[in-house]
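Let the sequences and hints guide you as you build the complete structure.
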Amino acid sequence: ETGVTQTPRHLVMGMTNKKSLKCEQHLGHNAMYWYKQSAKKPLELMFVYSLEERVENNSVPSRFSPECPNSSHLFLHLHTLQPEDSALYLCASSQDGLNTEAFFGQGTRLTVV
Amino acid sequence: KQEVTQIPAALSVPEGENLVLNCSFTDSAIYNLQWFRQDPGKGLTSLLLIQSSQREQTSGRLNASLDKSSGRSTLYIAASQPGDSATYLCAVSSRESYKLIFGSGTRLLVRP
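So the sequences go chain by chain: A and B.
Counting in the numbering used here, the first sequence runs from 906 upward without gaps.
Counting in the numbering used here, the second sequence runs from 24 upward without gaps.
Derived lysine-lysine pairs resembling PhoX-like cross-links, with alpha carbons at most 20 angstroms apart:
| hint | chain 1 | residue 1 | chain 2 | residue 2 |
| --- | --- | --- | --- | --- |
| 1 | A | Lys-945 | B | Lys-65 |
| 2 | B | Lys-122 | A | Lys-946 |
| 3 | A | Lys-946 | B | Lys-65 |
| 4 | B | Lys-65 | A | Lys-927 |
| 5 | B | Lys-65 | A | Lys-941 |
Label pairs and their in silico Cβ distance ranges:
| hint | chain 1 | residue 1 | chain 2 | residue 2 | range |
| --- | --- | --- | --- | --- | --- |
| 6 | B | Ser-76 | A | Gly-933 | 21 to 29 angstroms |
| 7 | A | Thr-912 | B | Asp-62 | 12 to 20 angstroms |
| 8 | B | Pro-105 | A | Asp-1001 | 32 to 40 angstroms |
| 9 | B | Pro-63 | A | Leu-932 | 21 to 29 angstroms |
| 10 | B | Asn-41 | A | Thr-912 | 36 to 44 angstroms |
| 11 | B | Asn-41 | A | Leu-956 | 40 to 48 angstroms |
| 12 | A | Lys-945 | B | Ser-35 | 13 to 21 angstroms |
| 13 | A | Leu-932 | B | Arg-134 | 32 to 40 angstroms |
| 14 | B | Ser-75 | A | His-931 | 22 to 30 angstroms |
| 15 | A | Asn-922 | B | Thr-68 | 30 to 38 angstroms |
| 16 | B | Ser-117 | A | Arg-914 | 24 to 32 angstroms |
These are calculated hints, taken from the structure and not from any lab test.
Note that beta-carbon positions come from the ideal geometry of N, C-alpha and C, so glycine has one too.
Listed below in structure tokens is the structure:
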């Protein structure tokens, strides 16, 4: 248990569905992240929030929409996804964005059909 | 552009053996380097964090070293056990952003 909790653990959705991934951290950290892990590719950073403000958006398509209502919660809203968006989506947090250890959740395995 | 490479991609060893995993990065201007473990279909577990000013960190049977000038880090696992079987990932933090840049990992199998 790393202190970062993601729900759901598994999600299957159709291309016309709208769903949301949730991440919660109880570590008192100020920065939260969404990463994508596809088969046979290194982890890719999607979004970074620091003190509830988005500080990085790594050229992610608009069908992925992040939301950070407070420093403990992070959401990733999904709509009209493509099958190639199927991946493991990992949330992480750190004390601040720079020079501090990152802690990851268990991930949400997303399958788009 | 920072690139992180891990060699070997896969490794199979008998139980009890000492082993070394390698990580190299192209840009030495990093804040820190972090080693993670990932079990199949699971999230990442942080193993060791080495600050850019440090040369090594130890935790139990794990020892990680950092040579920033040559762009290399090694993770040494002593007396390997079947429970050590997992994918090991290294990642470096950039001075310009909040991004962790990951290698593709080394998939380790420790045979009983």
